[in-house]
Amino acid sequence: PATVAAAIDARIDRLSGSARRTLSAASVIGARFEGELLSTLGIDAVFAELLEAELIDQVRLTPSAEYAFRHPLIRAVAYESQLKSDRAESHRRLAAAIQERAHKSLDENAALIAEHLEAAGDLHAAYGWHMRAGTWFTNRDLAAARLSWERAGRIADRLPHDDPDQLSMRIAPLTMLCATDIQARDVQESRSRFAQLQELCTVAGDKVSLAIGMAAVATEAMYSGRAR
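For the sequence shown, the numbering used here begins at 11 and goes up steadily by one.
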């Protein structure tokens, strides 16, 4: 509600400059955050004042302190109060920091990196990380993999039509969604999704992706034939 958001905004305005900067940077990181990641944004974090103001809570002591926004609306107000250009730069720096910190576990952090790059407006890079996340999740969490492919597909759809990579970028995630529709029990959507893939592959002359994506439709047709 607007009245609640206004009240939160007033509480944030009463904070010191250091505390406001800490809260703003934390809102870019996420609902939960650590001081170490804040330092990558050049923030000398001030937590005591935010805890006293009941805007955040400490949710973990060891091995390193972790904090969380007391309510999602507090994070939303702190996030929206920033200039879009400042937010984008923070997201870009966070994506780079996560890659540096998690260089041995990039695949499992791919979805998070993708989210920050997408928020930064770096669509091509975000697309690549979403696809990487989908690959990593495939045999671990199919629902998460499909979510990554859906996000990659939405990014591809947002690209300009004169982008030379748009067609192939639309085909790749759609192929994986079609190929896993049966496993995900999403057969109801498989026909329309496959029709879209068929159209794109025809334009691109991509028979390989079409064959891969045909799995769900072919399986459905086979079982329908048996039923008859």
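Watch out, some of these pointers could steer you wrong.
Pairwise CB distance ranges, derived in the manner of DEER restraints [unchecked claim]: (1) Arg201 / His113: 24 to 32 Å; (2) Leu122 / Leu152: 16 to 24 Å; (3) Leu122 / Glu64: 37 to 45 Å; (4) Ala106 / Ala15: 40 to 48 Å; (5) Gln68 / Lys94: 25 to 33 Å.
Distance condition first, Cα-Cα at most 20 Å in a straight line; then the derived SDA-like pairs of lysine to any residue [said to hold, decoys possible]: (6) Lys114 / Arg150; (7) Lys94 / Ala182; (8) Lys94 / Asp175; (9) Lys114 / Gln92; (10) Lys94 / Arg150; (11) Lys114 / Asp175; (12) Lys94 / Arg203; (13) Lys94 / Ala129; (14) Lys217 / Arg168; (15) Lys94 / Gly131; (16) Lys114 / Leu133; (17) Lys217 / Arg203; (18) Lys217 / Ser178; (19) Lys94 / Glu46; (20) Lys94 / Ile22; (21) Lys217 / Asp175; (22) Lys217 / Gln176; (23) Lys217 / Gln198; (24) Lys114 / Glu46; (25) Lys94 / Glu160; (26) Lys217 / Gln206; (27) Lys94 / Ala112; (28) Lys94 / Thr145.
Hints in this document: simulated from the structure, not taken from any laboratory.
Bear in mind the structure is a predicted one, so any value in this text is a computation, not a measurement.
C-beta: ideal position from N, C-alpha, C; glycine also.
Here is what the structure says about each hint:
1. Arg201 / His113: 24 to 32 Å: violated (42 Å)
2. Leu122 / Leu152: 16 to 24 Å: holds (19 Å)
3. Leu122 / Glu64: 37 to 45 Å: violated (28 Å)
4. Ala106 / Ala15: 40 to 48 Å: violated (31 Å)
5. Gln68 / Lys94: 25 to 33 Å: For Lys94 against Gln68, whose Cβ atoms are near 30 Å apart, the range 25 to 33 Å holds.
6. Lys114 / Arg150: holds (18 Å)
7. Lys94 / Ala182: Not satisfied, since the Cα-Cα distance of roughly 30 Å exceeds 20 Å.
8. Lys94 / Asp175: violated (27 Å)
9. Lys114 / Gln92: violated (33 Å)
10. Lys94 / Arg150: Status violated; Cα separation ~35 Å.
11. Lys114 / Asp175: violated (29 Å)
12. Lys94 / Arg203: Judged against 20 Å, a Cα distance of about 34 Å means the pair is violated.
13. Lys94 / Ala129: holds (10 Å)
14. Lys217 / Arg168: Answer violated: Lys217 to Arg168 is near 24 Å, above 20 Å.
15. Lys94 / Gly131: holds (10 Å)
16. Lys114 / Leu133: Cα-Cα ~24 Å, so violated.
17. Lys217 / Arg203: holds (16 Å)
18. Lys217 / Ser178: With a Cα-Cα distance of about 12 Å, the restraint between Lys217 and Ser178 holds, given a limit of 20 Å.
19. Lys94 / Glu46: violated (23 Å)
20. Lys94 / Ile22: holds (19 Å)
21. Lys217 / Asp175: holds (17 Å)
22. Lys217 / Gln176: holds (17 Å)
23. Lys217 / Gln198: violated (24 Å)
24. Lys114 / Glu46: Holds - the C-alpha atoms of Glu46 and Lys114 are around 18 Å apart, at most 20 Å.
25. Lys94 / Glu160: violated (25 Å)
26. Lys217 / Gln206: holds (14 Å)
27. Lys94 / Ala112: The hint is violated at about 27 Å.
28. Lys94 / Thr145: violated (31 Å)
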